[in-house]
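Please model the complete structure; the sequences and the hints are all you need to start from.
Residue numbers (our numbering), protein chains in the order written: chain H, 1 to 396; chain V, 397 to 792; chain Y, 793 to 1188; chain W, 1189 to 1584.
If you're looking for bench data, these hints aren't it; they were derived computationally from the structure.
Hints should not be assumed to be uniformly reliable.
The calculated lysine-lysine pairs, modelled on BS3-like cross-linking and capped at a C-alpha distance of 30 Å, are [unchecked claim]: (1) Lys857(Y) x Lys461(V); (2) Lys402(V) x Lys461(V); (3) Lys1253(W) x Lys6(H).
A short, non-exhaustive set of chain W residues, derived as facing chain H with CB atoms under 8 Å [what the hints assert, rightly or not]: (4) Ala1252; (5) Lys1253; (6) Glu1276.
Glycine included, C-beta positions come from ideal geometry on N, C-alpha and C.
4 protein chains.
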Amino acid sequence: MGDRRKVCIVVASRANLARVTTVLEAVRAHPALELQVIAAASALLDRFGGAVHALEEAGFRPDAKIRLIIEGQTPTTMAKSTGLGLLELPTAFEMLEPDIVVTVADRFETMATDGAAAYMNILVAHTQGGEVSGSIDESVRHAVTKLSHIHLPATRLSARRVIAMGEDPQYVFNVGCSSIDLAARTHRGTAHAALSAHAGPGSPIDPSEPFLLVLQHPVTTEYGHGVDQMMATLHAISSFGAQALVFWPNVDAGGNEITGAIHRFRNEGVAERCHFIHNLPADDFLRLMAHCSCMVGNSSAALREGGYLGTPAVSIGTRQRMRECGPNVVFASYDPLEIATAVRRQLAHGRYEPSDLFGDGTAGQRIAEVLATVEPPVQKRLHYDPADLLEPVGER
Amino acid sequence: MGDRRKVCIVVASRANLARVTTVLEAVRAHPALELQVIAAASALLDRFGGAVHALEEAGFRPDAKIRLIIEGQTPTTMAKSTGLGLLELPTAFEMLEPDIVVTVADRFETMATDGAAAYMNILVAHTQGGEVSGSIDESVRHAVTKLSHIHLPATRLSARRVIAMGEDPQYVFNVGCSSIDLAARTHRGTAHAALSAHAGPGSPIDPSEPFLLVLQHPVTTEYGHGVDQMMATLHAISSFGAQALVFWPNVDAGGNEITGAIHRFRNEGVAERCHFIHNLPADDFLRLMAHCSCMVGNSSAALREGGYLGTPAVSIGTRQRMRECGPNVVFASYDPLEIATAVRRQLAHGRYEPSDLFGDGTAGQRIAEVLATVEPPVQKRLHYDPADLLEPVGER
Amino acid sequence: MGDRRKVCIVVASRANLARVTTVLEAVRAHPALELQVIAAASALLDRFGGAVHALEEAGFRPDAKIRLIIEGQTPTTMAKSTGLGLLELPTAFEMLEPDIVVTVADRFETMATDGAAAYMNILVAHTQGGEVSGSIDESVRHAVTKLSHIHLPATRLSARRVIAMGEDPQYVFNVGCSSIDLAARTHRGTAHAALSAHAGPGSPIDPSEPFLLVLQHPVTTEYGHGVDQMMATLHAISSFGAQALVFWPNVDAGGNEITGAIHRFRNEGVAERCHFIHNLPADDFLRLMAHCSCMVGNSSAALREGGYLGTPAVSIGTRQRMRECGPNVVFASYDPLEIATAVRRQLAHGRYEPSDLFGDGTAGQRIAEVLATVEPPVQKRLHYDPADLLEPVGER
Amino acid sequence: MGDRRKVCIVVASRANLARVTTVLEAVRAHPALELQVIAAASALLDRFGGAVHALEEAGFRPDAKIRLIIEGQTPTTMAKSTGLGLLELPTAFEMLEPDIVVTVADRFETMATDGAAAYMNILVAHTQGGEVSGSIDESVRHAVTKLSHIHLPATRLSARRVIAMGEDPQYVFNVGCSSIDLAARTHRGTAHAALSAHAGPGSPIDPSEPFLLVLQHPVTTEYGHGVDQMMATLHAISSFGAQALVFWPNVDAGGNEITGAIHRFRNEGVAERCHFIHNLPADDFLRLMAHCSCMVGNSSAALREGGYLGTPAVSIGTRQRMRECGPNVVFASYDPLEIATAVRRQLAHGRYEPSDLFGDGTAGQRIAEVLATVEPPVQKRLHYDPADLLEPVGER
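Written as structure tokens, this is what we have:
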């Protein structure tokens, strides 16, 4: 590595950006680090929030833009988009020659980034390893752990899982989740301010009355069921006439099913208290989380930032099932009645005590510090034998 | 799944083919299974042995051919070739609609195959998981485990490692290595017969005198050092004038370095007792293993089939370091003196007792049987918490 | 070539399908031909009409599906999508081994299809060569001519242009446009029937009153101006309160601009007499062309089928400028006033005499006959020297 | 365009580099131009001469490197490599934002470069348009003309052909071939100097005796015949025991056939007076052309630089058939006897008078001047109707 370590961060979606903003800032500010940014995938697409604009407004001009989303939102195109990332990112890495690549969480862009760097003998630092969830993300997250050299899990339990899978504890750092950093520093303002800035079509949300935030993404391993799953949620909401701000889904396989359900729901003529929204700056989104009555859907934000902010949440289906979380989350299956009941319960409960399970707001700083000093070998090998751990619990 | 389960096996190299031949046969013969074959990557390239010809001669006509090797043999092109596989294999999978995809070991083609199927919600069965080695293969092997639904490790220890990493024991089958199947059934004949069929340029190998088999592949994580590493081996061999059959390297990053070393070595004019060979049918290769005096290099065949056949072997460098093996293997670093000493010691020792560490010759059958009956869920999740296993060895 | 010539037709969009339906039928019915079908590009995407469904309903099951649209609808992604086609189509061609590939018109999928086949020494038959238009299509159309072996232009003038560019007259066949075949055989029914089958959101179109058909696609060479161009059209229409059925644009670069303009227009609240529609079966689309008061926009259908049906049309901007057409077309620039004036003039004029400039309804049959008998060499070469033609008009 | 026009030159092979070296220099030196360089395709591969090293030694550091050769050298992989170029070059163009892209001649990399830029509304300047030859290059060259905005043909006749195909004479510049620039300025030295610098294996060439330069590339449209074609040439040469410097072929489909023939020929044991060589700096290559007794094969260099230098040449087969040339070239079919006879005739004749058919050594300068001032529209359209030219020669 040269005088200053070159750290390349790949920003691949709107959600991605929220989770690395403070890392971007901390790396840029660190005297021993040089920041490189690649904008890729749905971060370049307006219908998924066009995170590249927010990135540029925040003063991070991408060193490369990699357009890799193959249209279709099917399992086939998701696999192919991963391939396109693995095909093109090496070209960018070859030009930029980073010392360390930072990749986030568990998405197909993560997989592409991580695979590209690992094959190119570039050190990979991975955030949010060791968590448990549903969707293909669950498999990808752990696969990415096995390809990464530097682990930046968000909780103590996650860190222990990463180590137990055979990673060297020397390179596992429980830094917290950088998404909490943003939540910690954003002035919570009022719902009114956040809402008025982003009026979409339809009757406006009245912030003085209760309103829901609905974020439901496709579950790739349940592809083909997305329409029914989303209709269940939407019908549950409309059944008791709550105001709701409904977000369009992400780019994963099945996103078109969620989109289709929203269109069908609107055509049913019962959506009059719902607003549909493509995008929101991270700050305004956090403000709405801080003021809404309940989050509904299957976004991990309900568990992470939601936990930190004490926002009541109903997590639907399998996507977040088994992920660590605080008391603010109630789980429900894809049944409209069950969802409606859970939401009512949360509305009755009101806001929760804040939890620092996912961090205390210093993750960005801590990550930059790790990146500036850590020196793992490029050649990975099981640090200790996971099988040795198995012994105590009995031989099969 | 339909009446007969469609099992798609991706054959991606010469080494690959040797390791799935009996699986191909057993799946084809199984009444509850329907075989699909994809030939890909270096299996389609003559300079890497053109395994597709052997495949077709054995009566397996590929349902699709995927040309995915981007020329260069650098870390960049290896990453990109992985991407090309992930881009094209989904198209083939969409046409063939397999119920299960079988992928072998730990190569970049394995990664592409596995990632493509996993994202497409197709069950993936993975052979040779849970082993430990060097090169990027080490990382990829474990990543592939985390993406696969059905695990077919080759040894008891490997199986335990796979389970300890959080995989469900219900879907982990210690079936042995199917490469041993071929070794078990091949009539060992004589070295003379095997040699005479494959005369290349240069003075012929005299099978009545000792001869070495040299297979040394690039170590991707040590890219840039391949020339020196191979020269060390070649000089060691030529230092005591042994006859040697030297194989060209595989398609990995750094293959051009190994190739360059061979060219340089030949130009030095000390290669008169060496033969250089691109390819050998699996049967003849096994015969030579059964009759050679010593295997030299870093191929895993020295540990697997070599162990089964009791062939003395010198394993050089980091590529196989820490992989399970029997007594037939002596390890050496990239030092010509150390290599020469180790080879001499093995020549003095002579052949070893056969070992069934990697199986007893029934892997193909057992794999087909597993594939015909196993019913794992598409949605994976950590079966038990690896962190729970960690507890007994002390909290960090 | 074998007993029956294998003819592979690549269907890449909704518009594409309408233009090869009778060719598909005629090739399938021809005793000397064997039909192969590849569905690709936006033909696989529901938001562009999902032509693959219509294809399958018509009994043409695709032999391969190639998903190649990289999302974004920018000049960059259009170029990249072309590349993806050129990357994947060869894999399909290698599996299908066609004797002749048929490619349509002038789109980026045409370019990919044509390039792939030409490099693979497969004969290429190209429809609609020799026409003149705007957009990048103009360049691509002539480039495709230079790569194709068999030319199937739609008009006499087009055929002469193809020859004058150096193509061998022996392989240039003025067969007419197969889009006219469909127009010739479709029972024209009533607008009412066609409209009632495809009710979208908004107040229904009343077929007893005049209504417009609006199809405006992006002009790739004017990328960045699409919003203004489309707003001009929409404002022109709304200015005199005509009923209008407005189609969403195709997948070309700038499609998102047209889409954005439609959204903006709807938000302006002046769209109450407009219906917005994604897709229409070819038959119903032809019925609406036969009964509407005027076509507005820049689709070539207004010149082709519109001419045949005598439908008044206003062609806006540069996309069709200079294309051969009959008297039914009036051209206008991107000026709302000019557009409104032209539409009024056409409404006042009413329907035109039908024209057979683009064919008489037998193109499909004639194309199949050509494909069954033509025997061009794979190696092309300028048939005669275009420079020799230049002489008479004076040396530069 | 900005203050200085950004001119991006894509260097894609060893041959390519020789043909744009003076353009690179002239653009770099021009006060109104800013040079960008992309190294791509076989220019990055050592076994095809690794032109990137020469490029860097000449002080041209590539702004991007695009690895796009899919290994195999078959028609399928050639098509796919074109696709890979079209997929990746747009990413580079988006980063570099060139005003004009310069692309050379007629290769698949040319096609990819040209297509990428044209779809992205970037002006394309094309050298060597309007020539006639064999192989797929013939089709590609004219297709590229139809996609390009600025034409830089090498001869007066070529310029007239480009115009006759419908291009606007205002943007057609007969500048000569920049390969001649190098020939004009290279000090011809002695064969001895050039030879001694590049000794390969085998007995050295004695420059005081006659020696041949053999360059034979695959003819893609005759794929499958390459072995026989090359064997005919090699046998012809060995039949009268001439010294020969034989070059390995380029990366086109069928290159492996030519390579295979060379290996076979060497194994036949009659190659003792032949040297086989991968690469030569352009200057040394020109020196050898200036001093050899005859060029044999199918390289266009025999017609271009060979004509300028007066080097006797035998052009074999269809690859250069019909290309404009001077008296120094004799054509022969793939018949060993015919080839041998033609070579003998050339040896008897000796060197020819130099010809300036392909230029006078000022092409680079003239091209830079054109690029600095030309202002073609992005939207192309047939300038005049080629069909109008056809009229005088009679209607079909």
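Quick rundown of the hints versus the structure:
no. : hint                  : result
1   : Lys857(Y) x Lys461(V) : holds (16 Å)
2   : Lys402(V) x Lys461(V) : holds (18 Å)
3   : Lys1253(W) x Lys6(H)  : holds (20 Å)
4   : Ala1252               : holds (6 Å)
5   : Lys1253               : holds (6 Å)
6   : Glu1276               : holds (6 Å)
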